[in-house]
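**Q** Below are the chains, spelled out letter by letter.
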Amino acid sequence: DAGVIQSPRHEVTEMGQEVTLRCKPISGHDYLFWYRQTMMRGLELLIYFNNNVPIDDSGMPEDRFSAKMPNASFSTLKIQPSEPRDSAVYFCASRVTGSGTEAFFGQGTRLTVV
Amino acid sequence: AQSVTQLGSHVSVSEGALVLLRCNYSSSVPPYLFWYVQYPNQGLQLLLKYTSAATLVKGINGFEAEFKKSETSFHLTKPSAHMSDAAEYFCAVSRNTDKLIFGTGTRLQVFP
Chain A
60 DAGVIQSPRH
70 EVTEMGQEVT
80 LRCKPISGHD
90 YLFWYRQTMM
100 RGLELLIYFN
110 NNVPIDDSGM
120 PEDRFSAKMP
130 NASFSTLKIQ
140 PSEPRDSAVY
150 FCASRVTGSG
160 TEAFFGQGTR
170 LTVV
Chain B
50 AQSVTQLGSH
60 VSVSEGALVL
70 LRCNYSSSVP
80 PYLFWYVQYP
90 NQGLQLLLKY
100 TSAATLVKGI
110 NGFEAEFKKS
120 ETSFHLTKPS
130 AHMSDAAEYF
140 CAVSRNTDKL
150 IFGTGTRLQV
160 FP
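Keeping their order, the protein sequence lines are chains A and B.
Residues in the first sequence are numbered consecutively from 60, following our numbering.
Residues in the second sequence are numbered consecutively from 50, following our numbering.
Any given hint could turn out to be false.
[Stated by the list, open to error] Which chain A residues face chain B? A few, computed with CB under 8 angstroms, are given here:
hint	residue
1	107
2	140
3	164
4	166
What the hints contain is simulated information worked out from the structure, not anything from laboratory work.
C-beta: ideal position from N, C-alpha, C; glycine also.
One chain only, chain A, in its complex shape:
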């Protein structure tokens, strides 16, 4: 398996623009997580899905952020409108149901909002 695949790897956009980050989880994994990593806040869980259904979105910072998982092999994280403080590395991770199973991370998307 190719692992968790995220695209794009890097994104530079202007303030106010819409940004869409994409994730393909590992086949057969039924949990998908979106994390954000910054120097100030470390690794924050934004939202996670189980069987394509959002379970906990309490980490989503504002209404400007939204996430979808239309099917088991694809998820998006959208920011509209983007702001400079959204600049961070965004990670997607997936996991299979089971006691003590680990999460597998993608390479991340480095977002810069100017």
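Starting from the known structure of chain A, fit chain B onto it as the hints suggest.
**A** Chain B alone, transformed into the frame defined by chain A:
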């Protein structure tokens, strides 16, 4: 609620010296515990995990961690540091199939 605390945001050791990265957890039920490593510009990679099978867990790259319930700790160790161990290390906790909660990370520097 679950949480982990990583003591020391930065740790520096000489090549060949012992590596000790500290992690304490808080959980109302027996937890599952993980150590991940992140190299520059990379995603997180699993080093090892504790799932109650054995208190001393061996992972990749010569790392190991010991689960101590009495101390609510899961410290990561390696007998002899290599330059290639320089990275950021994260401790994480979960219950059953729930989400992983990560600590704030410890950046390990290795000097020649």
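**Q** Holds or violated: is there a CB of chain B closer than 8 angstroms to the CB of residue 166(A)?
**A** Check passed: Cβ of residue 166(A) comes within 5 angstroms of chain B, closer than 8 angstroms.
**Q** Less than 8 angstroms between beta-carbons is the criterion; does residue 107(A) satisfy it with respect to chain B?
**A** Holds: closest Cβ of chain B sits about 5 angstroms from residue 107(A), inside 8 angstroms.
**Q** Holds or violated: residue 140(A) as interface residue toward chain B, Cβ cutoff 8 angstroms?
**A** It is violated, given that the least Cβ distance between residue 140(A) and chain B is near 27 angstroms, above 8 angstroms.
**Q** Could you check if residue 164(A) really has its C-beta closer than 8 angstroms to a C-beta on chain B?
**A** For residue 164(A), the interface hint holds, since the closest Cβ of chain B sits about 4 angstroms away, which is under 8 angstroms.
The structure fails to meet hint 2 from the earlier list, while all remaining hints are met.
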